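Each chain is listed here by its residues.
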Amino acid sequence: METAAGGGCGSGPPLLLSEGEQQCYSELFARCAGAAGGGPGLGPPEAARAAPGAATAAAGPVADLFRASQLPAETLHQITELCGAKRVGYFGPTQFYVALKLIAAAQSGLPVRIESIKCELPLPRFVMSKTDAEIRFGNPAELHGTKVQIPYLITEKNTFKRMDDEDKQQETQSPTMSPLASPPSSPPHYQRVPLSHGYSKLRSSTEQMHPAPYEARQPLVQPEGPSSGGPGAKPPRHQASLIRSFSVERELQDNSSNYPDEPWRITEEQREYYVNQFRSLQPDPSSFISGSVAKNFFTKSKLSIPELSYIWELSDADCDGALTLPEFCAAFHLIVARKNGYPLPEGLPPTLQPEYLQAAFPKPKWECALFDSYSESMPANQQPRDLNRMEKLSIKDMADFPVPTQDVTGDDKQALKSATDEALPKDVSEDSATPKDSNSLKARPRSRSYSSTSIEEAMKRGEDPPTPPPRPQKTHSRASSLDLNKVFQPSVPASKSGLLPPPPALPPRPCPSQSEPASEAELHPQLSRAPSQAAEGSPTKKDIPYSQPPSKPIRRKFRPENQATENQEPSSTVGGPASVASVKPHPAVQKQSSKQKKAIQTAIRKNKEANAVLARLNSELQQQLKEVHQERIALENQLEQLRPVTVL
Amino acid sequence: MCQVYLWNYPLYIRSVPTENELQFHYMLHTSLDVVDEKISAMGKALVDQRELYLGLLYPTEDYKVYGYVTNSKVKFVMVVDSSNTALRDNEIRSMFRKLHSSYTDVMCNPFYTPGDRIQSRAFDSMVTAMMIQVC
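Residue numbers (the UniProt record's numbering), protein chains in the order written: chain A, 1 to 648; chain B, 1 to 135.
Excised from the complex, chain A in its bound form (with noise of 0.2 Å):
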């Protein structure tokens, strides 16, 4: 073995191996030989020449084996060339064995001279916690955000080392690298060769073909983070070599296999920081980012413009020069992954598109996903809130008392309580429930309102009300004072069929009893004893403000009525048919008012319940507000303290 080493040397000087040292040298050879698996472009024809049976090592391992040993890159250098594996463009064994022995004395402090080797020297030492093979190709799990932090910080500055005033780029670099490097804690697990790879093409793209066979410097392979301080401080003109990017680039299409789509996953923490960072743009969520603004922000990331330009055109869907929350995250998200390495892809990612992230996460930021959901589902919502506004509205202009109003919603809500009985257990139960489904919630109770509108409707079209509540009947009908509510509510269901297609005679008085009609015939002689046009005057005056249609059938009601009282008056047997008479058009129409009634008052207490369920929401949401808010506030606190004792 050491004959032929000496003889496949050359013109170099014949090795000296000892036991040890033959044995360690063979394995480590074999190691970097085994793990390239045959590197691309390295396997020269002299290969068959240089050793019986045995392939060259990899520039890819050497490389890292080099580096392993904790020598500064000019002294991995001037070994490679003493060595002879720059003159002959391959790690042969002879090469790799006369290069592990300059190792070793360089390692004991000696000069690296060929004759230093010639000497007893102990045993190359070669600081990894793994083998070759394993920090080749990347353990995902060993690696943390935090570790990663440092080789993207070195990244940078040997991206900038070659720029004058690296000092300053580092420090602007590195604040904006960090807060970059800590959210996407996921896509670093898979990324550790694909940021090789990254890097690598980005490094062959702007710097020259390096004659060196091997690169001195991979921090990010490498897991420790103090060794990785050391190589990151060599100067970066000896970095760069095309066959490291080569087989790299394999691993990189192995891995990439396994994880499709991850890239353009965006995780929690990530999509929370890209809304932060919208935030501190644009304080509202719903709004845009405009180009320009955005424009300053990307640049920060120091990409070049024609990929900034790139991204933006990816993830503007709409291309009007403005960014929302969901396209905000695309561009960032593009960002992150090229700056971590990855090619930008042909078109938009299926999960970066806007559609899916605004469906993918309404709860992280549901304050902005309030937003949204309160703008999508308003429009939705609208007509039929409008609808209720303007039978509400119309109502309310109706009855303008708010004695009868209250009494009527207040009798409204006892009668109809069986009615929305069921709405209250579904309000309560959904009160409780993730602020996800408060919105659904919100929803419901207005499309219940816009139901119920649709019930009075049907109900109106001549089915019998479900239950006739006697008891407001009975109030209306008994106290006298409520004399005025007779008169008045008739005028509610009047103008209430006033606005859909009227019955043709619409009963003033809301009687639907039958017991009605004597205690009506009580009040008419009243009503008309009291000056016939006060009465009159009054409930049309009441009439007035509402549309004309209805008055007429009131006139003409009390017409009848007055004539039917004055018939009443001069023989009871008379008017007692009479008011029969009079009585009998009064259940069908009655019937149909009190329906209308009901169901206005079906739908003021619905949206009263509405209302007071809205507003529990609304205090609830605000209490779990507050506590976010305090939660937030003592993290920040917690924070703090251990800041200091992480940076010491």
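Hints listed in this document are in silico derivations from the structure and should not be mistaken for laboratory results.
Please read all numbers here as calculations on a predicted model, not as lab measurements.
This list has only true hints and no planted wrong ones.
As a list, the in silico EDC-like pairs of lysine to aspartate or glutamate whose alpha-carbon atoms are at most 20 Å apart: (1) B:LYS98 / A:ASP318; (2) B:LYS73 / B:ASP116; (3) B:LYS98 / A:ASP320; (4) B:LYS98 / B:ASP124; (5) A:LYS295 / B:ASP105.
Residues of chain B clear of chain A, computed beta-carbon distances all greater than 12 Å: (6) GLN23; (7) TYR26; (8) ASP33; (9) TYR63; (10) LYS64; (11) SER72; (12) ASP89; (13) GLU91; (14) SER94; (15) GLN133; (16) VAL134.
Ideal Cβ positions, reconstructed from N, Cα and C, are used throughout, including at glycine.
Since the structure of chain A is already known, use the hints to place chain B on it.
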């Protein structure tokens, strides 16, 4: 083949690879003169979409040149083969409209400064699709 010109220097040139490409370039440059002539001839006329389309600039024995100018004086020039008689005026108009809309999309990009060569991939793909459709 189409070109986008701004102040008489090309922002974007794309052609179906054929021979005599240089001749195309030459014709396009000369057609710029015709475009300028037409623009100045319009003078005080209101600039609306209809007049943005300049129509057939001049027919040579083999080719037809069409022009289109935007409100910001960006000129689109298209050279088509005369043998391709299937192309009607409306189609040319629609093609120019598509070009114009793609161009505005490119302009919306804040990273694009007017006067740069157009490097937008979306624009490229749109033009390619159009040319494939024609040829």
